[in-house]
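Protein chains in written order, with this note's numbering: chain A, 1 to 423; chain B, 1 to 552.
No wet-lab data here; the hints were simulated from the structure. Watch out, some of these pointers could steer you wrong.
[Claimed, not checked] Derived SDA-like pairs: lysine to any residue, alpha-carbon spacing no greater than 25 Å straight-line:
#: 1; chain 1: A; residue 1: K16; chain 2: B; residue 2: L234
#: 2; chain 1: A; residue 1: K101; chain 2: B; residue 2: L86
#: 3; chain 1: B; residue 1: K444; chain 2: B; residue 2: V482
#: 4; chain 1: B; residue 1: K360; chain 2: B; residue 2: H346
#: 5; chain 1: A; residue 1: K95; chain 2: B; residue 2: K89
[Claimed, not checked] Simulated restraints, written as ranges between beta carbons of each label pair:
#: 6; chain 1: A; residue 1: N266; chain 2: B; residue 2: Q117; range: 57 to 67 Å
#: 7; chain 1: A; residue 1: N266; chain 2: B; residue 2: Q255; range: 56 to 66 Å
#: 8; chain 1: A; residue 1: N182; chain 2: B; residue 2: S36; range: 33 to 43 Å
#: 9; chain 1: B; residue 1: Q255; chain 2: A; residue 2: D99; range: 33 to 43 Å
#: 10; chain 1: B; residue 1: P139; chain 2: A; residue 2: K95; range: 43 to 53 Å
#: 11; chain 1: A; residue 1: K16; chain 2: B; residue 2: P139; range: 44 to 54 Å
#: 12; chain 1: A; residue 1: K101; chain 2: B; residue 2: V141; range: 31 to 41 Å
#: 13; chain 1: B; residue 1: P139; chain 2: A; residue 2: D253; range: 48 to 58 Å
The beta carbon of each residue, even a glycine, is placed where N, CA and C say it ideally should be.
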Amino acid sequence: MLCPFCLADVQFVLEKGYFCPECNEQVPPMYVRGYKEFPPLVVSAVGLRGHGKTIYFASLFYLLKESPLSAFWQPDFFALSLSDRDLETVHSNAKMLKDGKLPGSTPMNFPRPTMLRVAGIPMWPKQRNCTLVFYDTSGESFERASELVKYARFAQQAEMVMLLISLSDMPDPAHDMRMLLNTYIIGIEDLGGSTRHQDLMVVYTKADEMDERLSASPWNEVQTYLNNGSVNSLAQVKGYQRQMYEISNCLYDFTRIKLKADEFMNLAQTNFRGVGFSIVSALGSAPEDGHMAVEVNPLRVLDPVIWMIGRSPSLSEKRSGCAEHLNWMTFAFLGGVIYGAVGGVLGGLMGGYRSSAIWALVLGMLLGLVGGFMGGQIAKNWKVLLSPKQWASASIGVLVGSGGIGGAVGAVVGFLEVLLTRG
Amino acid sequence: MVKAEVQAWQHIYTSVERDQSPHERAGFQTLFYSRSGLTEAEVKEMEARLVYFPSAIEPVKRLCSTISTGKVMVAQIVHLPEPDRLGRKGRYLAHNLVFEPPAFEQIDCDPFLVFRQFPFVTTVAQALEAGDSETGEMPPVSFQIARSPASGIEAAQAWPEQDLGHLALLALRAGRLAGDRLSVAFIGEPAQVECALEAACFAVPTSLRPRCGFDTYFHGCNPVSVYYWGLGLLETPGNRRLFRVDAQSRRLEGQVAGRPETAYERWAVGCIEECRLETLGRYRDHAFALCEWLEGRACTDSLIEAAPTEVVDSVFRFNRERVQVLLRTKLEEALPDILARRAFQHLGARTTEILDQLRKRFRLSELMEALYRAYESQGFRTPPLEEIQAIEWLLQRADHAFLRLLHICWTDQSFDALHRELRLLRDDAYQRFVQTALRFGFVKILALPVPGRGEAFLDVYLDMDGSARVGLAALVRTLLGVGEASCLERLTPYVQAQSEQELRALARIVAKRPGIPEPFRHAVGDAVAALPAGRTGFLAQLVDDWTAWFER
Numbered sequence: 001m002l003c004p005f006c007l008a009d010v011q012f013v014l015e016k017g018y019f020c021p022e023c024n025e026q027v028p029p030m031y032v033r034g035y036k037e038f039p040p041l042v043v044s045a046v047g048l049r050g051h052g053k054t055i056y057f058a059s060l061f062y063l064l065k066e067s068p069l070s071a072f073w074q075p076d077f078f079a080l081s082l083s084d085r086d087l088e089t090v091h092s093n094a095k096m097l098k099d100g101k102l103p104g105s106t107p108m109n110f111p112r113p114t115m116l117r118v119a120g121i122p123m124w125p126k127q128r129n130c131t132l133v134f135y136d137t138s139g140e141s142f143e144r145a146s147e148l149v150k151y152a153r154f155a156q157q158a159e160m161v162m163l164l165i166s167l168s169d170m171p172d173p174a175h176d177m178r179m180l181l182n183t184y185i186i187g188i189e190d191l192g193g194s195t196r197h198q199d200l201m202v203v204y205t206k207a208d209e210m211d212e213r214l215s216a217s218p219w220n221e222v223q224t225y226l227n228n229g230s231v232n233s234l235a236q237v238k239g240y241q242r243q244m245y246e247i248s249n250c251l252y253d254f255t256r257i258k259l260k261a262d263e264f265m266n267l268a269q270t271n272f273r274g275v276g277f278s279i280v281s282a283l284g285s286a287p288e289d290g291h292m293a294v295e296v297n298p299l300r301v302l303d304p305v306i307w308m309i310g311r312s313p314s315l316s317e318k319r320s321g322c323a324e325h326l327n328w329m330t331f332a333f334l335g336g337v338i339y340g341a342v343g344g345v346l347g348g349l350m351g352g353y354r355s356s357a358i359w360a361l362v363l364g365m366l367l368g369l370v371g372g373f374m375g376g377q378i379a380k381n382w383k384v385l386l387s388p389k390q391w392a393s394a395s396i397g398v399l400v401g402s403g404g405i406g407g408a409v410g411a412v413v414g415f416l417e418v419l420l421t422r423g
Numbered sequence: 001m002v003k004a005e006v007q008a009w010q011h012i013y014t015s016v017e018r019d020q021s022p023h024e025r026a027g028f029q030t031l032f033y034s035r036s037g038l039t040e041a042e043v044k045e046m047e048a049r050l051v052y053f054p055s056a057i058e059p060v061k062r063l064c065s066t067i068s069t070g071k072v073m074v075a076q077i078v079h080l081p082e083p084d085r086l087g088r089k090g091r092y093l094a095h096n097l098v099f100e101p102p103a104f105e106q107i108d109c110d111p112f113l114v115f116r117q118f119p120f121v122t123t124v125a126q127a128l129e130a131g132d133s134e135t136g137e138m139p140p141v142s143f144q145i146a147r148s149p150a151s152g153i154e155a156a157q158a159w160p161e162q163d164l165g166h167l168a169l170l171a172l173r174a175g176r177l178a179g180d181r182l183s184v185a186f187i188g189e190p191a192q193v194e195c196a197l198e199a200a201c202f203a204v205p206t207s208l209r210p211r212c213g214f215d216t217y218f219h220g221c222n223p224v225s226v227y228y229w230g231l232g233l234l235e236t237p238g239n240r241r242l243f244r245v246d247a248q249s250r251r252l253e254g255q256v257a258g259r260p261e262t263a264y265e266r267w268a269v270g271c272i273e274e275c276r277l278e279t280l281g282r283y284r285d286h287a288f289a290l291c292e293w294l295e296g297r298a299c300t301d302s303l304i305e306a307a308p309t310e311v312v313d314s315v316f317r318f319n320r321e322r323v324q325v326l327l328r329t330k331l332e333e334a335l336p337d338i339l340a341r342r343a344f345q346h347l348g349a350r351t352t353e354i355l356d357q358l359r360k361r362f363r364l365s366e367l368m369e370a371l372y373r374a375y376e377s378q379g380f381r382t383p384p385l386e387e388i389q390a391i392e393w394l395l396q397r398a399d400h401a402f403l404r405l406l407h408i409c410w411t412d413q414s415f416d417a418l419h420r421e422l423r424l425l426r427d428d429a430y431q432r433f434v435q436t437a438l439r440f441g442f443v444k445i446l447a448l449p450v451p452g453r454g455e456a457f458l459d460v461y462l463d464m465d466g467s468a469r470v471g472l473a474a475l476v477r478t479l480l481g482v483g484e485a486s487c488l489e490r491l492t493p494y495v496q497a498q499s500e501q502e503l504r505a506l507a508r509i510v511a512k513r514p515g516i517p518e519p520f521r522h523a524v525g526d527a528v529a530a531l532p533a534g535r536t537g538f539l540a541q542l543v544d545d546w547t548a549w550f551e552r
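Could you build all of it, start to finish, from the sequences and the hints given here?
This is the structure in structure tokens:
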């Protein structure tokens, strides 16, 4: 079991409470007893100083405790603190935001986690429930890999890392984002881990300050999505996933085209299992002198968490890795079959009476290949979170599947065409 | 009150904006440090400890800790009310003094003296003035600290004895607790926590004090990332493994440290229970050195040598069993077991003597004297054969006249052997031995007179209780036998009181020996003449002659 305090893999000792044999910390009984039913999911927020990590978490707690989510997501949803301390943290943060106050800056430290059991998020009915384990440290901890190793080693345990980016606080987003990601990758490698087992969720924070950047088409689609993203939007479960995918794709393009952060994207796609995008406004509007002039109105704050739960392999009940690949490969096969059949017909027609089968086979294979890659591209467009490994699997599937099936289909079609013509 | 001049490296850690930073970086960072004494790695290590989370009270935080290179950091952290560029509160400023271990020892490893007497930087403006904004350098600082041997006694006196004893044990076991990664939670406001920490550390000797790292305001911090022996907390922690001290009501809660286990713990707790805090504060280092030595650990010899008798007495009193075990062990190195057991109880009675014996090698002469005293205390009863053999072994290695004499007596050797040894004694020693022998009766009286010591023998013999004396005729015959006729004159007053049989025997002895002093001869003659007529004739003479022969 993962000790949430020292992050060691341990067997907790029962002695008037559960204790970690490594760090001697007393772990909430609910965490231990519910470990299988509610496995821990590390929520790791990575971002530079002042980019809104602490406020994002505060807003998330506010949303989970103060909003009517339980009414929207009946009957299963609940968010439960695991200890007095967690309860205090969640409630004090929620109350702070409710009172229009903002949390202070976070010092550089290896943080104590805040644990929240979350169940019944309806966007992913097939995913298991989980215990979200939040770690919040200072942005200074992510300025150097050595600091990350010291203060943010929890990031190594995360299945999905949230890269919180406030574009309004970045003079040169392309450069700064690349530097941050590079530092993070070095830090995780220095810890002995690998980012290739992690998904990367790029979360644009302080979205209320991005009006100018998002005003032009096609990014105004993001603006609209954000503005419609108050807590009430979560009541509409149907289609929520699809919207998130669309916005993720849109932000993918935004990052490449508008921010010109190609190197960042290349780094991300090469080094992570999958990459997704999200946009949030933790407060709904910019604070003035450290206080909220209007009531806090979190926008799309839950999206990164919904992504995280949906993408978590450890929470996946039914799909194995192989089965998951099969989904992507199906697209490729379908492309191969359809284009192969077309190739077969064309081959038969082009070959006439002589060597029609050979023409059908060759053209069927070629067009099947094209179809397979196009199928993969469709998959990519539908679900941006496709890792390089999945791409490779899909491509092999295309070569074998579309070549064989397209060839066979082409040959049959060619043969029939010859018979019919002779007849 | 003594003043000590100490030097410390400085380190300032705070949150500033880019334009105030020597590194042109905004946020929490090391602003300045003494590059001449601190490495970057040390600074990074210390940064991890300089964490402050504000609460409703936003107090001054104080901490003390030893870093991995052995240097000791003594820091004060204050909350900064001004928000940062982003309008966020939560800024703080840490001013950290870093001592080399010898410099810290100069102030008795007492961080509380530093907290009370050193003017720490409390604002960013002061910090910017103190350091070089171009280079990030901050010079080391030298300052005077007034220290008194009983520093901290007031904090300790405020605690009930029993709780202070337990608190002291927790502090003394800081090393062990650190090994088990267990801490002591001091619950209360930071000022109360600081007083409780000072009370806890009062009994801790200088050399152990750096182990008692603490943070008076650990609020919000993570014990997994930084370990302290003492954690100041505003509220009772959830972790039941933590020892809990209520700093406000000065009581220990929940589990306590148990009984004293080491020699020093026994002494310290003993002093606390006897309300001798002054002694504890003044002599803890001496007592600690002595206790460490008692338990076979490395210690400072000079402190043991300088330990006052009062401290040695109390240390030995609270550690009687340990002292005895050590004595026995040391004895067994020098003597066969059976003799070691015998001599053990009769080693020097004064603690300073015992200490001297324990610290140096036992001298065999001292051990033999102790052994002799042991036999004396038991009336010189003949010991088992094995023990007598052990004495023989011992006598081959060193000499002890009385033991040698005792050995002769217990092994029933001839009078000649005994006389040989007795003749070797000086007069006073001879008389002492005779006195002892006459008192305890472990040897026949008539075996004691030796040539040249008739007067000395009689000095003792005539002083003894009359009922224990032997017959005068036998005594006279023995004295004459060892050539001590001249001293018979001293027996003259006793002739008159002898029985007829004794007188006739005396008459026979006197009649046949030359050199007998005339007064004694006359006294015998007069006494015999005064007797009623006895046997006469040849047969009577024959019987007397036979009797005399047998008596001889």
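Hint check results:
Distance hint between A/K16 and B/L234 is fulfilled; the C-alpha atoms sit about 23 Å from each other, no more than 25 Å. The suggested pairing of A/K101 with B/L86 holds, with an alpha-carbon distance near 14 Å, which does not exceed 25 Å. For a cut-off of 25 Å, the pair hint linking B/K444 to B/V482 stands: about 15 Å separates their Cα positions. Using a Cα cut-off of 25 Å, the hinted pair B/K360 and B/H346 holds, with the two alpha carbons roughly 17 Å apart.
Only pairs whose Cα atoms come within 25 Å are accepted, and A/K95 paired with B/K89 is accepted, the gap being roughly 17 Å. One distance hint, 57 to 67 Å for the beta-carbon pair A/N266 and B/Q117, holds here, with the actual separation near 59 Å. Distance hint check for A/N266 and B/Q255: the Cβ-Cβ separation is about 57 Å, which falls inside the suggested range of 56 to 66 Å. Distance hint check for A/N182 and B/S36: the Cβ-Cβ separation is about 34 Å, which falls inside the suggested range of 33 to 43 Å.
Distance hint check: the CB atoms of B/Q255 and A/D99 are about 40 Å apart, consistent with the given range 33 to 43 Å. Between B/P139 and A/K95 the Cβ separation comes to about 46 Å, which falls inside the hinted range of 43 to 53 Å. For the pair A/K16 and B/P139, the supplied restraint of 44 to 54 Å holds, since their beta-carbon distance comes to about 52 Å. A/K101 and B/V141 have their C-beta atoms about 39 Å apart, which keeps the hinted 31 to 41 Å range intact.
Checked against the hint of 48 to 58 Å, the pair B/P139 and A/D253 passes, with Cβ atoms roughly 55 Å apart.
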